[in-house]
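Chains as they are written, first to last, in our numbering: chain D, 858 to 1348; chain X, 858 to 1348.
By construction, these hints were calculated from the structure, which means they are not laboratory data.
Treat the hints with caution; some may be incorrect.
Intra- or inter-copy, both count: the list cannot distinguish identical chains.
Claimed, not checked - Distance condition first, Cα-Cα at most 25 Å in a straight line; then the derived DMTMM-like pairs of lysine to aspartate or glutamate: (1) Lys-914 with Glu-881; (2) Lys-1186 with Glu-1231; (3) Lys-1193 with Asp-1144; (4) Lys-1291 with Glu-940.
Each chain, written out:
Number of protein chains: 2
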Amino acid sequence: MSKEITSRETDYSQWYNDLVVKGELADHSAVRGCMVIRPYGFALWENMRDALDKMFKDTGHVNAYFPLFIPKSFLSKEAAHVEGFAKECAVVTHYRLKNDPDGGGVIVDPEAKLEEELIIRPTSETIIWNTYKDWVQSYRDLPLLINQWANVVRWEMRTRLFLRTAEFLWQEGHTAHATRDEAIEETEKMLGVYATFVEDFMALPVIKGIKTPGERFAGAEETYCIESLMQDGKALQAGTSHFLGQNFAKAFDVKFSNKENQLEYVWATSWGVSTRLVGALVMAHSDDQGLILPPKIAPFQVVIVPIYKGDEQKTMIDEKVNAIIGELKAMGIRVKYDDNDNARPGWKFAEYEMKGVPVRLAIGTRDLEKNVVEVARRDTKEKRVVPLEGIAQYLEILLADIQAGMFNKAKDYLDEHITPANSWDEFEKLLDEKGGFIAAHWDGTAETEEAIKEKTKATIRCIPLNNKQEEGKCILTGKPSKERVLFARAY
Amino acid sequence: MSKEITSRETDYSQWYNDLVVKGELADHSAVRGCMVIRPYGFALWENMRDALDKMFKDTGHVNAYFPLFIPKSFLSKEAAHVEGFAKECAVVTHYRLKNDPDGGGVIVDPEAKLEEELIIRPTSETIIWNTYKDWVQSYRDLPLLINQWANVVRWEMRTRLFLRTAEFLWQEGHTAHATRDEAIEETEKMLGVYATFVEDFMALPVIKGIKTPGERFAGAEETYCIESLMQDGKALQAGTSHFLGQNFAKAFDVKFSNKENQLEYVWATSWGVSTRLVGALVMAHSDDQGLILPPKIAPFQVVIVPIYKGDEQKTMIDEKVNAIIGELKAMGIRVKYDDNDNARPGWKFAEYEMKGVPVRLAIGTRDLEKNVVEVARRDTKEKRVVPLEGIAQYLEILLADIQAGMFNKAKDYLDEHITPANSWDEFEKLLDEKGGFIAAHWDGTAETEEAIKEKTKATIRCIPLNNKQEEGKCILTGKPSKERVLFARAY
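This is chain D alone, in the form it adopts within the complex (with noise of 0.2 Å):
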């Protein structure tokens, strides 16, 4: 296969399509929108999930893991949830396969069939609150922190690797809670988390918002987001969490008995990010020689690369370089040291830069009698020879560097790209000429947001959270509004 990459400029789709089937992060599968996920792509996703692993339980959260089926009766409880999810359901009816009698090989038993039809998880709300009903007697059972990790099934028409997958892998919170105000609380801590992780691991920066009615979670009284901004000036939507109210509470019927023995119903949020951050990864930093991955969750941090004629060479090397790879993994630091001799130091070079390792190290025999070492950086091409000595501390403070020059360059980009519209023609011109986040009036109708939404494709993103509260006119019809919001095309 040839690794040569689409440019940006040519066709930023197709860019996007090279860099994850030609980094070999996934690759489109035999069934219908479904991916695999590469084993490299898998370590990042890894080490993704990792990391938000470690911050739901720093926050008081554990896992469990529930059923992959829910009947159709439950997914029909509560009115808006089923609304907006049954267009999109892969069901199952049947659980049993048989020889056909009359010779068509492997077929559905037709005898087998479910009494009540089994919808895969799109997202499992009424399952766990079915759960909950059971686990939740007193407000000594509250709150319930529960986080779930999980492949879900979204029937998409139009699917994309990572961005848009029938099947993707996700985490879900789902938490209950005495309180209105506390379930709101939790709402935007997790939303404070999703933010953290996606700013500091991703080096990725949002904005966090509010969703208007229109663009809520199917069965949410509120929904919270981070937006974030991909090279072409569209946005993606990075995360949601959601205060849910007491209406899967009230679907399922979950009530709690308050320190005063009164019954009421529990209180909800849900939270969650998917696979389709490994997507926003590669659009947001990558360029037209392939993928940059920011150090943190990079799955290997520092490439190592021989230069040698001859076996007496590679030992020399071999030796030097088995010191320091001692050294880095005593850091922490991932390091994978490519003595393959398969393949010459020019291809391995174009094929780490292909993959966005952020630190190559290439080691010959001259460098070692100098006792340097030529180190290249991925995200900004500079390459520096450096003395060996001390080299693991040189290469810890450059991963660092590396990381926050990555977010800089990503909040320059989204800076630049929140721009203020005053009049329908500069919002157009915006959206057609330059892109990002346009900052418009709105009169707060879901009518207006559908007309903006034909007309240009734009929908708004976000109300963003603390906004300036500021007197205007709405982009489109003229009428009084009170804040500007952020409209957007988007993934």
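Given the coordinates of chain D, work out where chain X should sit on it, guided by the hints.
For chain X alone, coordinates are given in the frame of chain D:
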């Protein structure tokens, strides 16, 4: 809910179920045959998973993720494989729900029928080998050493929490090799990894062996297994490792060019363990008071219960306990301080006995004065008053001692329950009165194996590795035999 546990003698099966449910490991769910793994049970599984995952990575394996869905035609490509799994498949036939125009609520949309039905993976050989076809061209692409952590579904008719559920969690390793020998070596290596894990972490001794052709995995040339023994004398298969020959390579046309540039089919292995291991753990070690968990994988290794009256005493105890906790955590010991004032110490003692926490400390103000603490170990129920000075080191040694003690107890039990039988009468008597493994001669035919199973419900659990060769006569038919095999009734 009553915390009373049915005794083993009264009803072994109910005892097991009580332990799982009242020990809060898992619950039955509203979905037939599916369980909810509760936070305490999931924490146990996480510890098992993390230990295994490290062992897989240390032996050169990487993780990846393949689709949940398998096209029906894929499952049919390997004849023995489809034969083995067809009768227990959950089948997805539709991808959308809609509102019933006749007012019957939400129904499956008959227009959203899939062209080809999708099977929820019961195991992933087919979808994975269909993918390997794209990844393997040359001997340079081999070996592939890939593992997946995933949920799978097998539509079992009679289910039991952890031991047999329609959906379960597991890992499945799928490796591809250039030679038969290398694949067999891998199969045996992974059997060794499983045996080490189950013995060292779960404190459960196992017998390594191979299955008879009748008990092989559907599609394997050879199935290796580890067998363990439960307290009721029944065997439980704790893990399997399969040498798949070239069966799946042929079914999916996966060839590679060898060093001589000739095309050959690729050699395969697969190996898996599942949440079933949690069931084995519970059944093997627990008693009539509750779970007994081995320290290496227990969610909490030490629980500390304060005994006090009033805030002043509490503050004094807190101070001392926090110091101990700091020390224990620094040593990597998982400790919980239960200072919940809604429950009395006696209730807490019973609770942690039920949950199988290996060590319980009880500390009151009088203990503080004397600078001692009461240490109770769960496995032997031994209590001892121990000086607070050096308590962390004392506990570290105690935990190792408990781990070893649990293994030795189970090993003695296993050794006492491998009994030779030399006549049919003896065979039946041993099965009914003593249980465990019975070492007996077998004529090597599937007919005899089946006949013995029908007469006694005992199956051949395995032919032990490095089995002693010994002339004898089949226990049922009297035909000649060259070695004893191990029979048992099994889960």
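Hints and how they fare:
1. In the homo-oligomer, the alpha carbons of Lys-914 and Glu-881 lie at most 25 Å apart only across protomers (19 Å), although the nearest pairing inside one protomer, at 31 Å, exceeds that limit.
2. For a Cα distance limit of 25 Å, the shortest separation of Lys-1186 from Glu-1231 inside one copy, 20 Å, qualifies, whereas the shortest one across copies, 41 Å, does not.
3. Taking identical chains as interchangeable, the C-alpha atoms of Lys-1193 and Asp-1144 lie at most 25 Å apart only when both belong to the same chain, with a minimum of 23 Å there against 48 Å between chains.
4. Proximity of Lys-1291 and Glu-940 under a CA criterion of 25 Å is satisfied in neither setting, with 36 Å inside one chain copy and 59 Å between copies.
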